[in-house]
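The listed protein sequences derive, respectively, from chains A and B. Using this note's numbering, the first residue of the first sequence is number 1, and each one after it goes up by one. Using this note's numbering, the first residue of the second sequence is number 1, and each one after it goes up by one.
Some chain A residues close to chain B (C-beta under 7 angstroms, calculated; not the full set):
(1) L86
(2) P200
(3) E347
Below 35 angstroms or equal to it, Euclidean Cα-Cα: the simulated DSBU-like pairs (lysine-lysine) are:
(4) K479(A) x K131(B)
(5) K348(A) x K219(B)
(6) K595(A) x K416(B)
(7) K89(B) x K452(A)
(8) K595(A) x K356(B)
(9) K163(A) x K424(B)
(10) K190(B) x K348(A)
(11) K163(A) x K462(B)
(12) K50(A) x K252(B)
(13) K361(B) x K595(A)
Note that these hints are calculated values from the structure, not bench results. Every residue gets a Cβ at the ideal spot worked out from N, C-alpha and C, and that includes glycine.
Each chain, letter by letter, is given below.
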Amino acid sequence: MKNQSVRLKNVKHPRARSARACPSPCGKYSRIAILILLGMLCVTLSTAAKPHEELTFEPIHFKPPVPEQRELSNGMKLYLLEDRELPLFNINGLIKTGSIYEPGDKVGLASIFASVMRTGGTVAREPDALNEELESMAASVEISMSAEYGGMNLSTLAEDIEKGLEIFADVLMHPAFREDKLELRKQQTIEGIRRRNDNPIQLAWRNFSALLYGKTHPFGRYSEIEGVESITVADLQAFHAKYYQPDNISLAITGDFDTETLIAQLEAVFAGWENREIEFPDVPLVENAPEPSVNYIFKDLNQTTMLIGHFGIKRTPDFPDYFALRVMNEILGEGGFTSRLMREVREKHGLAYMVGSLMQTSYYTNPGEWFAYSQTRADKTAEAIALIIDIVSNLRETPVPADELQRTKDSLTNSFVFQFDSSSQIAFQQMMLAFRGYAPDFLETFSDNIAKVTAEDVRQVAQKYLHPDALTIVTVGNKDSFDRPLSEFGEVNEIEIVRPEPPPAEPMPEANEADIAKAKEILAAAVEAHGGIEKLQAVKNFVMKRQTAANTPNGPMQIEEILSYLDPDKVRQDMNIPEIGEMSQIFDGESAFMKGQMGVQPLPPEVVNTYRDSVFRETIGLLTNLTLNDVPVQYAGTAEVNGTPASVILVTQPSGEMLRIFIGEETHYVVKMSFRETSQGVTANWETLFDDYRDVDGIHISHHIVQNVDGELFSETWVNDVMLNADVDASLFEE
Amino acid sequence: MKDVSQWLILLVLVILHGGASAQNLADRVVEHTYPNGLKLLMIERHTSPTVAPYILFKAGSVDESDDARGIAHMLEHMLFKGTKTIGTKDYEQEKAVLAEIDRIGDALDRERAKAHRADAEKIAELEAELKAQQEAAKAWIVPGEYTEIYTQHGSTGFNAGTSVDYTIYTVALPSNKLELWAMLESDRLKNAVLREFYVEREAVKEERRMRVDTDPGGKLYEQFIAAAFTAHPYGMPIIGWPSDIAMLNRRKAAEFFRIHYAPNNSVMVIVGDINVEDTIQLIDKYFGDIPSQPLPTEVTVDEPPQEGERRIEVEFDAEPQLMIGYHKPTIPHFDDYVLDMISAILSDGRTSRFYKNIVEKGIAVSVDSSNGYPGARYDNLFVIDASPRSPNTTADVEEAIYAELERLKTEPVAEKEFKRILKKVDANFIRNLSSNMGMARRLAFYEGIAGDWRYILDWREKMYQITPEDIMKAAQTYFTKSNRTAATLVKKAPEVSESEEDTE
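The following block holds chain A by itself, in its conformation from the complex (with noise of 0.2 angstroms):
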């Protein structure tokens, strides 16, 4: 459709950065309320009538359509709501996991976890096929991951329920986790984090939560690269297996459709899913709030984001400042417009476009946050906090004059039939009320509840809940053009944001014409041993039948091995692992994929990298592509490879990163080459160990290679058997 390019310039509340950081939608969940009859509306105010004050409206008598509970045999949990008003099916559904459950040494796995789940496709189903079978019926299933909670999603026309049910239920139980799109997410999370403070408020709100929580609890810790490039296919599987299960689910389902069929379906679909005990790892509850602290963070912008807050209060079922709390809230800064902090600092002052407040009260592990935000002038940064701090604590020492609490609670009561403005949304509210254990009879009760509100509970609950003495304050700005010093309201502790970089290729020391001569001279001797360089020159291809033992991440493996090698660039590995089959990786100069039973899988850019710098270290080429070609080489002095000392070389690698060929002194053959390596997001350093040389048509080649990892042992391959220059085709390369 045509791009309607408005920017709404009235907007009550920021676009949202970041999910936990967006300050007005995430609160739907804890505002939830019922009510079905919204009555007349009785205006008493103080001056003389208004024409819109005789205006009388028609009660609504509405009763909201309750969706149907039902349980599969399987436990999953469902929540139905025919609608046959369009032809469209929905399904929304709950599932009790959670970023606040993965390893603190892996944070963002949850969130990785949930989108390669879906873009590494099914067991049954290449990602490209699945994405071609949902877009190609204007269908879609997708999978998502907050805090607290995982979410999965079903959208087709009622023409394709059947369809999509299956697609639906392949994904869910049947991820296949693929390698290549967990790696292509790993790197797109890592460029998040490098991306990560660009926007004010996105680096303003991940420091405000780091400073009350902690920088290790699962509420304030945020992804690192490390933890990023350290996570793998089995972290993703694992997190399957443990949490997503049919009775942990709950799913809500409106549309065009009939119960019962439907219900047969799903029971079809999920058929032979089984259910295990679930440990919910600890979580960790916060018990004392952080010492109040001013913390600053500079960037270079004309305006200054502020956060100023502290926890809120941890959601139970039946708590009972619930609604008197909420009638706060809406007073101070979460009623729009109308908020004293909209009203005060935007409209009477002038010192935002983007101000209010937000108490988070939906987490059910911990106690959530209150907190107030603007974005303000930099040459009125100290005015802004202190109405703000002062706003805040008038509403704890002035009770609520009576129109305004009179306004504000015919505003929650009349809007409360937009809890119920249309039937998924309807389904989907029951299901999440269910799941944070509120009362059953909540909605019913909510008008009630709120109609019984007065003055005095207000301040009560402001004095209970909001603490102007123990205020986390962050900002975001440029200091030089403050109105007044921050200390003002506390000693300021300044954080530096440190740029996060991977790793940067290790450089080549500075060369001296000495360094680079001996390198030559000492080269073209390992030439010579190794046959002359024309003999070397004339290999253009040659087949190698290896073993190798490997340890791998899954256990030891014994691989039976063909590799191909096509100069100058192509490389094709054939093997057989026990208990696998038989498996080709293949790289073809350009890309790299693999070929076994489940068909041909492009592997990813890095590992296309990885291929690059590997066809450039096979022995022969590298040692032809020395002599003949002007690539920069270097000695860097003697080391020792098994007991016998040896000249080490330097030279760069396609990737940029250093290698290091040690050529043995009396064999002067290759004995060893180490070098470092970032292969399935994690970096490693390598030593590949070459003996056993022997004569093959007058060249000579290693028999035996041993290959070590970090220090450890990763495989050892015997060559049996080499033949140079075979009949080699071409179209083996190829796909």
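Given chain A, work out where chain B should sit, using these hints.
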């Protein structure tokens, strides 16, 4: 005025394969035009007792004069300040103070505009005077009353927005409050009082800082669009440049309001729990007596053909971003439809070409395309924006994007790709009907900007007519280097003096 309403249920005869949903929409839209030119569109939906009334004025930032840039948006803010009865205790008394504030504010703006030649003492004096008058006005002002009434009556989504082309006013209400809406909205059209102007102008300056000065994407967009349009007002920021905002006043706002906020320059859409006949009467009662007036002239400036690539850098303390734009014709040129299709091929979903060939290949974290920036009343841009994934640079991403655009010129699009997009077009027809507010927005936009809401139906039909040759031809015509503007967000490099550079 109270003539028998000439409303009718439209039966649009679109004979299309798979067009049941389009037919469904056509059947449900009820249209009514009042003698004063006001156009009302309605859809009855009784799924919940709520209603979403929506008003669009065909008055956006392109309609501003050079000495009042930013006034369309500023006026939109000011229309929340009340009327002669709402927001005031006694308008007759207040009026005198407001005039005084205008006088002092004008003098102050003129003095400040002298910049370094300004008389600081005089400014301080005027500021004190202004402050005193603003205090005096408080005796009569009831701040926030207009918005308060809506809130108290249970409104949600009470908002407004200004684009280059138009301004919209939205709200959702319990359906028994429709008359309240009609009364309040017509009151602000008949009796608006633009009080508290200078305080609101400060809030607008904060808005500009938030959206542009502190947001790397906002900053890049503003500079990009300014580079792409040299003559046409589409190149100007909606909110105005800082010095534009500094010179806005109540007189300019009132003038813009007088010229553009006419019933015959607006579209009203009401979707939800209504009875169409009652609603037609109700709107007549409140809006029927607003006189129609001659319409302002359209923008006559034509953006001259671009003769050579434009390339700009924007420095910001943030990671790199990229925007690319190509000039192209707007609605209802056939190529505009073709470019909508191209945008879907490039960036709609995980099967799209940008996603598969750029995002999945790891060159960028995001690449999007959209047809029709910054507006649709006049010829506009096809825009592509992207964020590279390190270590790829914006240059790498550009190369990958251009490779895809080249492919469009030379390779016919496969039937499978067409089919997938058309299926989505049809499904979106149905999905769009499921939200009152969303449907209201669509109908208002197409009625106001394309001149007829049936553009929605026509659009679908045109999508089905597009051939692979059309796509190749449009790509060849518009995606050329000389028709291109490219803007990149870069980090400020440390200053290097010329002499140092010379020695390198």
